[in-house]
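K.L.:
Next come the chains, spelled out residue by residue.
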Amino acid sequence: MARSTTTRSKIIFTVIGWTIGFLIFFPILWTFLTSFKSEGTAIATPPQFLFFDWTLENYHEVQSRSDYFKHFTNSVVISVGSTLIGLALAIPAAWAMAFSPTKRTKDILMWMLSTKMMPAVGVLVPLYLIFRDWGLLDTRLGLVAVLTMINLPIIVWMLYTYFKEIPGEILEAARMDGASLMKEIVYVLTPMAVPGIASTMLLNIILAWNEAFWTLNLTAANAAPLTAFIASYSSPEGLFWAKLSAASTMAIAPILIMGWFSQKQLVRGLTFGAVK
Amino acid sequence: MATLQTRATARIMMSPAVILLFLWMIVPLVMTLYFSFLRYNLLMPGTEEYIGFLNYQYFLTDPAFFTALANTLILVGGTLLITVIGGILLALVLDQPFFGQGIVRLLVIAPFFVMPTVSALVWKNMLMHPVNGLFAWIARSFGLQPIDWFAQVPLFSIILIVAWQWLPFATLILLTALQSLDGEQKEAAEMDGAGAISRFIYLVLPHLSRAITVVILIQTIFLLSVFAEILVTTNGGPGIQTTNITYLIYMQALLQFDVGGASAGGIVAVVLANIVAFFLIRLIGKNLER
Chain A
-7 MARSTTTRSK IIFTVIGWTI GFLIFFPILW TFLTSFKSEG TAIATPPQFL FFDWTLENYH
53 EVQSRSDYFK HFTNSVVISV GSTLIGLALA IPAAWAMAFS PTKRTKDILM WMLSTKMMPA
113 VGVLVPLYLI FRDWGLLDTR LGLVAVLTMI NLPIIVWMLY TYFKEIPGEI LEAARMDGAS
173 LMKEIVYVLT PMAVPGIAST MLLNIILAWN EAFWTLNLTA ANAAPLTAFI ASYSSPEGLF
233 WAKLSAASTM AIAPILIMGW FSQKQLVRGL TFGAVK
Chain U
4 MATLQTRATA RIMMSPAVIL LFLWMIVPLV MTLYFSFLRY NLLMPGTEEY IGFLNYQYFL
64 TDPAFFTALA NTLILVGGTL LITVIGGILL ALVLDQPFFG QGIVRLLVIA PFFVMPTVSA
124 LVWKNMLMHP VNGLFAWIAR SFGLQPIDWF AQVPLFSIIL IVAWQWLPFA TLILLTALQS
184 LDGEQKEAAE MDGAGAISRF IYLVLPHLSR AITVVILIQT IFLLSVFAEI LVTTNGGPGI
244 QTTNITYLIY MQALLQFDVG GASAGGIVAV VLANIVAFFL IRLIGKNLER
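Protein chains in written order, with my numbering: chain A, -7 to 268; chain U, 4 to 293.
Among these hints, one or two may not hold up.
As the list claims (entries may be wrong) - Which residues of chain A face chain U? A partial, calculated answer using Cβ under 10 Å:
#: 1; residue: THR23
#: 2; residue: PRO39
#: 3; residue: ALA82
#: 4; residue: PRO84
#: 5; residue: THR97
#: 6; residue: LYS108
#: 7; residue: ALA204
#: 8; residue: ALA223
#: 9; residue: SER226
#: 10; residue: ILE249
#: 11; residue: LEU258
Hints listed in this document are in silico derivations from the structure and should not be mistaken for laboratory results. Just so it is clear, CB atoms sit at the ideal spot from N, CA and C, and this is done for glycine as well.
Kindly produce the complete structure, drawing on both the sequences and the hints.
P.N.:
Here it is in structure tokens:
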């Protein structure tokens, strides 16, 4: 394209880009704004955009009426817990696959990926019955176990693609110098692997936080994380838009911020390294 | 020195993940398969018996199955159409240099991080509500009759919500692919006098084809099991107009307690998903070789 029109095209694309960005982000912005309105203002026609009486009442109400922080804690425990257990299982596995690959490594990786493609509803019935018989229904332990297994393939895959990028020569050099396996892992591998592990962790906390099939089907009042708690607003009682907005804002804000920080790793993690 | 000892260590390091994942996959699946051949209803304990393929026969000849299958295909296809075309356009815009590009990028990917129950309820109530919703207000300001979204076009409403959630994913992946396009190639095409449209058709689109395939396959896997969005907005209704396969099986299992029927449905869903998975696995596997 002609270089002389660069500034003009830049301005045009600034307008187009920001318009699109604003429109796509709008539902989130609208939720955020509505969370500071009174219930009356929230349903007012014409809608009030910025000039209304801002209030924190909804945030207060959501907590005092429905014990919001219990569900928030459930979300934290379930997403962080399942991610940490997943990492503990996946780090050794991915390490072995990346540094001592055998003929079957690729098959194992593909097989792991294929478990991810099994539709959840295909195992809903037996899992529900197992949970019922073992007293795991509506417990955080049960959900941590399920979410660990659901995300394990993604964790292994992401770590594998990161570990693959660590040059093998460095490990060989360390071995030549007589480093034991333990030392090799602690002093050589770990420092190089930390960034990959961190972004894997971040992405998996996000995925587990937003998981909404098992969390809805296997919990009731006690272990319900935010996904299930927000779902309770679908009842007619939930026509309190301002409170729905306050609860929603608190449910998505932490994960949205984490997501923004992990956006660069997102593509790799979600396409299993097929697009980088 | 490495070989034998390292190989044994490697096996030990892999085994917990592999064994657990194997159990996680095989045990419930075998149970589902087993239940699918039984008459088994939780409301009538003690009446379980082997009935062969009867559950499958009921499930596959139930008119609700065909409606649900059609709904599933429309939901997946409609969402794919919006997200892939929208994603390509968005990626092309975001690839241009402009002021505040980084911030716009953050705004565009934001919906992906919103939990399904929140996005469904926010759209259903605050945007699509026929009286107080924002869309109704916009329609009235233009002198139009507001649409009662979930009564008049329930499935399309759900497609809109799901597409809003997945548009960021498609955009981000296509943008990543776009940015890996060789700048020199583009310049060479420009020098040869190729216009913007022919550059797009002959250079950009072929370059994106891999990424587009990945987007379609991965989204299909997830979209086949859309559940929360349906549960909190329509409960599959009105009638069964928004019931997809996943929701149909959920109703059979947890609302009608028909373990046998739901299991047969579950196996059907697994088979459907596997058809897609087969192609995806091959594609990713091919990439692993390089």
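K.L.:
Quick one: which hint numbers does this structure break? Sort them smallest to largest.
P.N.:
none
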